[in-house]
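In numbering that gives the first Met the number 0, the protein residues as written are 0 to 382.
No wet-lab data here; the hints were simulated from the structure.
In this text, a Cβ means the ideal position worked out from N, Cα and C, and glycines have one as well.
One thing to keep in mind: the hints can contain errors.
Said to hold, decoys possible - Listed below are the simulated SDA-like cross-link pairs for lysine to any residue, each with C-alpha atoms no more than 25 Å apart in a straight line:
| # | residue 1 | residue 2 |
| --- | --- | --- |
| 1 | 318 | 297 |
| 2 | 297 | 326 |
| 3 | 204 | 331 |
Claimed, not checked - Computed spacing ranges between beta-carbons, pair by pair:
| # | residue 1 | residue 2 | range |
| --- | --- | --- | --- |
| 4 | 162 | 337 | 40 to 48 Å |
| 5 | 162 | 190 | 45 to 53 Å |
| 6 | 116 | 210 | 51 to 59 Å |
| 7 | 244 | 116 | 27 to 35 Å |
| 8 | 200 | 115 | 43 to 51 Å |
| 9 | 215 | 295 | 26 to 34 Å |
| 10 | 238 | 215 | 18 to 26 Å |
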Amino acid sequence: MSQASQVSLGKPRDNHTGPSCWSSFEQVPDSYLQASHGYTQDNFFQSLPWYQNLLQTTCHPDVEFRLYAFERHGTPLALLPTLESKGSALLKGLRGTKSLTNLYSLSYDQIRLADEVREQEIATAFIEAIRANRRANAWLQFECLEEGTGFLPALEAGLKDQGYLTQIYEHFGNWFGLFDEGHSFQSFWHARPSILRNTVRRALKRSSSAGKLDFRIYREASEVEAAIAHYQTVYDCSWKDPEPYPLFIPGLIRAGAAAGVLRLGVLSLDGSPIAAQIWIVSGDRATIYKLAHDERFKKLSPGTALTYLMLEAVLTSEKIAEIDFGRGDEPFKRLWLKRRRQYHGLIAFDRRSPLAMLEAAIHIAPAWLKRLSGADRRGTALL
Numbered sequence: 000m001s002q003a004s005q006v007s008l009g010k011p012r013d014n015h016t017g018p019s020c021w022s023s024f025e026q027v028p029d030s031y032l033q034a035s036h037g038y039t040q041d042n043f044f045q046s047l048p049w050y051q052n053l054l055q056t057t058c059h060p061d062v063e064f065r066l067y068a069f070e071r072h073g074t075p076l077a078l079l080p081t082l083e084s085k086g087s088a089l090l091k092g093l094r095g096t097k098s099l100t101n102l103y104s105l106s107y108d109q110i111r112l113a114d115e116v117r118e119q120e121i122a123t124a125f126i127e128a129i130r131a132n133r134r135a136n137a138w139l140q141f142e143c144l145e146e147g148t149g150f151l152p153a154l155e156a157g158l159k160d161q162g163y164l165t166q167i168y169e170h171f172g173n174w175f176g177l178f179d180e181g182h183s184f185q186s187f188w189h190a191r192p193s194i195l196r197n198t199v200r201r202a203l204k205r206s207s208s209a210g211k212l213d214f215r216i217y218r219e220a221s222e223v224e225a226a227i228a229h230y231q232t233v234y235d236c237s238w239k240d241p242e243p244y245p246l247f248i249p250g251l252i253r254a255g256a257a258a259g260v261l262r263l264g265v266l267s268l269d270g271s272p273i274a275a276q277i278w279i280v281s282g283d284r285a286t287i288y289k290l291a292h293d294e295r296f297k298k299l300s301p302g303t304a305l306t307y308l309m310l311e312a313v314l315t316s317e318k319i320a321e322i323d324f325g326r327g328d329e330p331f332k333r334l335w336l337k338r339r340r341q342y343h344g345l346i347a348f349d350r351r352s353p354l355a356m357l358e359a360a361i362h363i364a365p366a367w368l369k370r371l372s373g374a375d376r377r378g379t380a381l382l
């Protein structure tokens, strides 16, 4: 990972406005760090601690970190964390820029540092800055972009203005539910399907009859190492494959606790943890980020019981407007939460580069053929 000094992007458009670019978080000035503090708890998944952990624990040596920064009259407005790739998926040596995202990411957006951020202005400035970085501008790819937010169309418009051919594609779904202020947890729970409520009732009864049941939520920095140990104990006995990046989850737990957004629930039977869940409560949203249970206790349905206990605890004691189940369309999620939103990816190719256009033809041609044949009824956005 490059740790060089500030990357040169040429002159900004005027003396007061323009992007800078750094190749490590250590280079970020104090003014940006101070401005970011107030927004970390509002949206942890778009914060410096989130991206720092993601970068430190999951990135490969074939990419270089680039953190683009935007300010006006000396006031920090936004940051955009990216990775500079040494080659595309098909053509080695065709360098490009992609979002700092991977399988652990739930969303991607600028890191806001001020309330007066205007989506299109910031997106355009970032695209211009990336285009000025001639080492890595043949193609660009951004993933985990939420449908219905301003950043996706702003990026698309900025790329088109800079002469890129763009394609939007579906990335993953996210199930969520709303919790109206003034409503009780019981009213929320009674709105769940009867099949789920009966399943939870039986799970709690079976678990309680099997031994002494204990439920605890870890959230403080002083408890973090115990929380990591309990979670790892459960995960190692679960049905899940080993994490591809084993340092990411411990880093996430520590960063979440330090930021005050961690809610790590553990369900224990006779003193031994049998289910664990990592929740992130950020702003008015509670995200059920990771869950696991010990397969030896599968008949007790400890994961189902823990989800219910966590929902009851969080919705009763905290000001929550939305609960979401992270990324993915697993069937069980729609029993708990009724709504779904789509996340997209956006890929762009520089029309000035013959190699980039060759890559675009290879990448986009299948989608065009589907549209022409009528096989893709939803239609793929190609511009």
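We went through each hint and held it up to the structure:
| no. | hint | in the structure |
| --- | --- | --- |
| 1 | 318 x 297 | 32 Å, violated |
| 2 | 297 x 326 | 23 Å, holds |
| 3 | 204 x 331 | 20 Å, holds |
| 4 | 162 x 337: 40 to 48 Å | 42 Å, holds |
| 5 | 162 x 190: 45 to 53 Å | 50 Å, holds |
| 6 | 116 x 210: 51 to 59 Å | 52 Å, holds |
| 7 | 244 x 116: 27 to 35 Å | 31 Å, holds |
| 8 | 200 x 115: 43 to 51 Å | 50 Å, holds |
| 9 | 215 x 295: 26 to 34 Å | 20 Å, violated |
| 10 | 238 x 215: 18 to 26 Å | 23 Å, holds |
Figure legend: structure checked against the earlier numbered hints; hints not met, in rising order: 1 and 9.
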